[in-house]
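The residues making up each chain are set out below.
Number of protein chains: 2
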Amino acid sequence: MSEPTSNGRLRVVIARVSPEIDCGRFAAKRVIDEKVIVEADVFTDGHDQVACRLVYWQDGNQPQVSPMKPLGSDRWRGEFCVVKLGRYTYTVEGWVDHFQTWRRDLEKRISAKQDISVDLLIGAGLIEAAATRAKGKDGEMLRDWARRLRENKQLESQTAIALDTDLLGLVQLYPERELVTRYDKQLPVVADREKAGFSTWYEVFPRSCSPEQNRHGTFRDCEQWLPYIASMGFDVLYLPPIHPIGRTFRKGKNNTLPAGPGDVGSPWAIGSAEGGHKSIHPELGTLEDFRRFLAKAADHGLEVALDIALQCSPDHPYVREHPEWFSTRPDGSIQYAENPPKKYQDIFPLNFASAQWRALWEELKSVFLFWIEQGVRIFRVDNPHTKAFPFWEWVITEIKNQHPDVLFLAEAFTRPNVMYRLAKLGFSQSYTYFTWRNAKQELTQYFTELAQTDVREYLRPNLWPNTPDILPEFLQVGGRPAFMVRLILAATLGGNYGIYGPSFELCENAPLHPGGEEYLNSEKYELKHRDLGSKATLKSFIATVNRIRKENPALQSNRNLRFHETDNPALICYTRATDDLSSVIVVVVNLDCCHVQSGWINLDLGSIGLDTRHTFQAHDLLSEGRFLWQGSRNYVELVPESLPAHVLLLRSWVRTEKDFDYYL
Amino acid sequence: MSEPTSNGRLRVVIARVSPEIDCGRFAAKRVIDEKVIVEADVFTDGHDQVACRLVYWQDGNQPQVSPMKPLGSDRWRGEFCVVKLGRYTYTVEGWVDHFQTWRRDLEKRISAKQDISVDLLIGAGLIEAAATRAKGKDGEMLRDWARRLRENKQLESQTAIALDTDLLGLVQLYPERELVTRYDKQLPVVADREKAGFSTWYEVFPRSCSPEQNRHGTFRDCEQWLPYIASMGFDVLYLPPIHPIGRTFRKGKNNTLPAGPGDVGSPWAIGSAEGGHKSIHPELGTLEDFRRFLAKAADHGLEVALDIALQCSPDHPYVREHPEWFSTRPDGSIQYAENPPKKYQDIFPLNFASAQWRALWEELKSVFLFWIEQGVRIFRVDNPHTKAFPFWEWVITEIKNQHPDVLFLAEAFTRPNVMYRLAKLGFSQSYTYFTWRNAKQELTQYFTELAQTDVREYLRPNLWPNTPDILPEFLQVGGRPAFMVRLILAATLGGNYGIYGPSFELCENAPLHPGGEEYLNSEKYELKHRDLGSKATLKSFIATVNRIRKENPALQSNRNLRFHETDNPALICYTRATDDLSSVIVVVVNLDCCHVQSGWINLDLGSIGLDTRHTFQAHDLLSEGRFLWQGSRNYVELVPESLPAHVLLLRSWVRTEKDFDYYL
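Residue numbers (our numbering), protein chains in the order written: chain P, 1 to 664; chain C, 1 to 664.
Honestly, the hints are just simulated from the structure, not real lab data. Wrong hints could be hidden among the right ones.
Remember, identical chains collapse to one label, so a pair may be satisfied in a single copy or spanning two.
Stated by the list, open to error - Straight-line Cα separation of at most 25 Å, PhoX-like style, residue types lysine-lysine; simulated pairs: (1) Lys-108 with Lys-342; (2) Lys-343 with Lys-108; (3) Lys-113 with Lys-343; (4) Lys-278 with Lys-539; (5) Lys-342 with Lys-113; (6) Lys-153 with Lys-113; (7) Lys-185 with Lys-35; (8) Lys-185 with Lys-400; (9) Lys-400 with Lys-253; (10) Lys-35 with Lys-550; (11) Lys-400 with Lys-35; (12) Lys-400 with Lys-550.
Turn these sequences into a full structure, and let the hints steer you where they fit.
Rendered as structure tokens:
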């Protein structure tokens with residue numbers, strides 16, 4: 001027989017707190033100055049009123065409290081703002097609010113003209129009890145309130161004292177500590193810098209930046225491209241691996257074997273006699289050149305993101321120095337990467353669960369720290385889903401503890417469970433299935449999942465219409481309008497997006513094989529030399545879109561995405577908005593790259609804070625056209641060859657005669 | 001800087017286990033011999049195969065394991081059966097299955113005609129490693145398999161050995177323990193006896209069982225009613241409180257004050273000079289009479305359920321002996337129950353959070369134990385939502401630890417959060433909103449929530465069309481057909497239901513006030529004398545319905561309730577089925593008590609395991625009519641005055657000429 005539980009007097013239940021990821025196992029994500037809106041079910045037995053509050057603290061600091069307000073049906077909401085980088089923790093406290101219960105009942109008794117003399121004594125007792133828990137001046141004030149309530153003999157003044165809202169607020173500050181229920185979990189949230197939620201990426205191979213055909217480009221060459229890239233409005237410049245490239249089993253042009261003598265190899269086959277993950281490919285320049293490049297990029301508002309691919313070519317120094325970090329076969333050879341029957345003899349995977357895993361993990365952490373020391377603060381991690389999950393959780397936590405401004409982008413194209421897990425483990429941003437979602441129904445479904453379910457708490461999508469590995473069928477067949485459509489979608493469906501350029505803006509769309517997604521003459525295996533001034537370039541269109549993103553806060557996060565009906569399956573319509581609805585953008589895209597499409601869109605105006613009775617202005621930020629709209633239904637026609645989308649800024653306030661003085 | 005986590009080699013993730021109630025804080029519920037079907041997301045990084053298994057144990061016993069099978073998309077399922085009363089615990093284990101991965105890859109290599117000589121050595125090594133972990137004969141067998149694989153030089157036999165499924169099964173029994181991930185929670189399940197899931201309740205006031213008008217009925221009188229109640233097919237006989245009734249502020253007929261000298265008072269005003277919660281109202285008989293009554297009831301297949309109302313009349317011995325268990329007012333009086341401005345001076349609520357709560361809780365536990373000692377095993381708890389939640393969790397756990405066959409029914413009509421919380425805390429069954437759900441849409445929505453969401457794991461509905469407190473409007477206005485409709489719904493929408501009789505079968509439907517739900521001349525405040533042989537009685541209809549419940553396993557649980565379309569809003573159609581679909585019942589009810597209603601029902605035949613190409617028989621168990629149906633759409637017409645419902649047993653097998661020998 002066990003004794004009654006020690007906290008038997010705690011009558012309040014706190015449940016279903018949100019955000020709460022996997023029972024509090026993982027942190028929610030926010031950017032600096034963003035709100036954490038916390039909701040919880042808080043209730044008790046019987047008819048007593050409850051009160052509750054949010055308790056939160058930045059790790060290592062003192063807790064702060066913030067009141068929670070009832071939403072009805074036992075649901076409560078409070079909020080706090082993350083104002084510094086790093087980890088915060090929050091939880092909820094609730095208690096039976098005897099004073100408020102008493103006050104509610106007193107009002108009913110007064111209405112029913114009942115004798116309240118004993119009730120006033122009860123109230124005075126509750127105030128005095130709060131006074132004993134209060135400190136200094138508050139205690140004195142409470143004692144004074146209680147005395148006035150006891151001494152006053154006139155019903156009207158008694159009532160006025162009893163129901164005073166200042167008194168209520170003061171009493172509520174001092175609940176009986178030992179009867180306060182605290183939620184049984186402390187929930188974490190990570191505050192990242194703003195770029196985690198709003199960033200515009202451009203991927204470029206520095207080796208293709210040479211002004212001369214067939215000469216290997218360098219960081220110095222790439223510096224010359226910075227004004228061009230910056231002029232399009234990008235703010236993250238992402239470089240594929242910059243390390244020495246292996247020679248053993250090096251791949252030739254179009255992924256063929258063996259490589260010819262002039263073949264440059266894949267930057268993802270990392271490591272040679274010249275060094276490994278902490279070295280720079282000599283043909284790109286020196287470590288000093290790289291640091292100079294970072295500085296020059298910064299001068300153009302571009303932050304460099306480095307690709308970290310934790311795998312080795314057979315020539316990597318680790319292979320010789322640490323064979324215990326790899327798997328070996330019974331014949332003594334090191335196990336290369338395989339997807340049977342395919343063999344990737346140029347890649348040795350690291351064995352994250354080897355007996356020597358601790359030393360391996362420490363070494364890999366030191367790779368990140370090395371580049372952080374050079375000034376890098378963003379890492380695009382290659383194929384994180386083929387490395388052990390516990391490693392990512394450990395290494396990201398470790399690095400962010402020291403450098404909370406560092407961001408990690410997970411390049412995982414795999415099953416949803418795995419992608420979501422990586423995001424939970426700490427990746428700041430994630431690649432998504434956007435690359436293959438083209439139809440209205442599939443875009444709506446997928447982005448509803450990303451933006452309106454719990455996923456939004458921990459996964460920040462980074463949307464890529466193309467990558468060096470993926471030339472999607474839609475781009476292969478849809479010509480220039482397809483590139484425009486995919487760019488608009490990527491740039492407006494979320495806060496983070498990127499393109500692999502200049503391939504993208506030049507609308508390169510020839511596949512290696514029909515039905516495949518590999519580029520013909522892929523830049524992964526050869527140097528490219530392109531005409532950035534080509535007439536076909538989308539650079540000014542991209543510049544316009546990125547300027548619109550920068551000018552409109554509604555487009556600068558992953559929040560408040562909402563889809564609206566259209567009567568044409570080729571037209572997709574959605575809105576983006578700030579939390580306070582001060583900035584609302586309507587996007588309408590013609591998903592059909594080959595035909596003019598028209599139809600009616602049906603905006604859910606209530607959801608975006610617009611009054612259906614007023615006319616509002618829809619200002620197309622792409623075409624600079626301005627339309628007067630009224631009500632939820634509006635007609636749209638989009639011509640793919642010219643401009644396959646509207647990006648409309650809604651202005652709810654249109655002046656009418658009623659606004660003038662003479663009308664009033 | 002922290003060291004890499006100690007379990008860095010555990011590559012497998014186990015997540016989203018179901019059932020899991022509030023992160024494992026509460027137990028799922030099952031009845032004896034019922035399956036617990038456990039699902040989980042189990043996956044790892046990269047392309048390796050995983051394996052997993054369910055681990056479960058009855059508390060205090062050794063763990064057992066059961067294999068889990070993949071459902072696709074990283075989801076796995078396993079099951080175990082609860083075979084003894086009490087608490088079980090389960091969790092999930094998963095690991096990278098290197099042998100299965102190797103075997104899968106080997107098959108691909110063989111198909112691609114690659115050289116597999118090194119791979120066979122790898123496989124032999126994996127088998128030998130398993131052998132070192134195996135015990136006795138299994139170890140020898142594994143070593144033998146490995147030797148044969150190494151020594152055999154002929155490709156075909158090597159392949160046959162390598163891919164042998166016996167070998168696979170044997171290796172999988174011995175994963176590397178230290179690399180097995182165990183789910184981070186151990187999840188509880190409570191196994192109750194069968195009646196928790198399938199019970200048919202009849203509520204009766206023994207004091208109204210006297211054969212003479214105006215004489216207070218006794219347990220002896222009530223014995224005479226047992227054959228009548230049993231003949232209708234009930235198996236739980238629920239008695240309102242049987243304790244001495246208070247005299248101070250006793251309520252008169254129709255809830256009036258003051259009571260007249262002959263007024264019997266409300267059985268829920270518990271306690272007088274004659275005793276409290278462990279005493280018997282002298283006018284009902286003695287404790288011996290009560291024990292005899294239990295035995296007689298059992299002879300008729302009726303188990304007695306006792307009403308426990310943890311509140312006191314002002315005359316209760318606790319008031320004198322333990323004033324510290326109540327709240328006192330500043331004038332020294334004890335606080336009576338209130339819902340301001342209403343006052344219930346005849347009821348003193350216990351203060352579950354008083355300073356002396358431990359002693360109070362122990363005393364209240366002893367009340368349950370006292371009646372358990374007399375032979376009671378079912379308690380209907382009055383208004384549990386006005387008593388502290390921690391008390392219920394503690395007292396139910398304590399009692400079920402000693403007496404796992406005891407069942408508790410929560411009579412809480414309050415907000416959903418509170419009702420669900422009580423069920424989670426341990427109540428075996430719960431009253432529901434069924435009493436007020438009449439329309440097709442509201443029945444469908446509510447029962448979908450109860451039967452198809454997580455709620456079904458912890459809340460077992462007990463459906464009541466009426467109670468002594470509630471005469472719903474539907475019964476007031478709908479006459480006899482309304483009583484039939486509500487009975488059919490209650491009896492077929494879940495495994496547990498009950499009626500307050502003989503009020504129900506006699507179709508008593510006069511309210512105290514129009515628009516109210518109180519009975520006129522409520523049995524709560526006076527003795528009743530009824531003619532059980534009235535022509536209007538529904539007793540034989542009720543007997544038929546209860547016989548159908550007893551004969552058809554589909555109706556004996558809360559599982560597998562599914563709604564089907566009808567084209568008439570007055571017709572509701574649903575099916576109930578056993579897990580294996582061996583018993584399938586279709587219910588169609590005309591919800592309109594005043595008019596004939598007809599229409600088409602559209603059965604989702606796939607969901608109930610029927611082949612749309614065959615004719616099947618629909619046997620109406622109420623009318624004994626038999627219909628041949630084919631396909632999903634079938635016509636129905638229901639006349640409220642005669643029989644407002646079909647309860648159809650589907651028989652999928654109808655003989656055709658193809659079943660005869662000469663056709664084959």
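Hints, one by one, checked against the model:
1. Lys-108 with Lys-342: For Lys-108 and Lys-342, the Cα distance is within 25 Å only across copies (10 Å; inside one copy 79 Å).
2. Lys-343 with Lys-108: Between copies only: 12 Å across, 80 Å inside.
3. Lys-113 with Lys-343: Classified as between; 14 Å across copies, 89 Å inside a copy.
4. Lys-278 with Lys-539: neither (34 Å within a copy, 87 Å between copies)
5. Lys-342 with Lys-113: Intra 87 Å, inter 12 Å, cutoff 25 Å: inter-copy only.
6. Lys-153 with Lys-113: within (16 Å within a copy, 102 Å between copies)
7. Lys-185 with Lys-35: within (20 Å within a copy, 31 Å between copies)
8. Lys-185 with Lys-400: Within one copy, since 23 Å is at most 25 Å while 28 Å is not.
9. Lys-400 with Lys-253: neither (39 Å within a copy, 73 Å between copies)
10. Lys-35 with Lys-550: within (21 Å within a copy, 57 Å between copies)
11. Lys-400 with Lys-35: within (21 Å within a copy, 46 Å between copies)
12. Lys-400 with Lys-550: neither (27 Å within a copy, 63 Å between copies)
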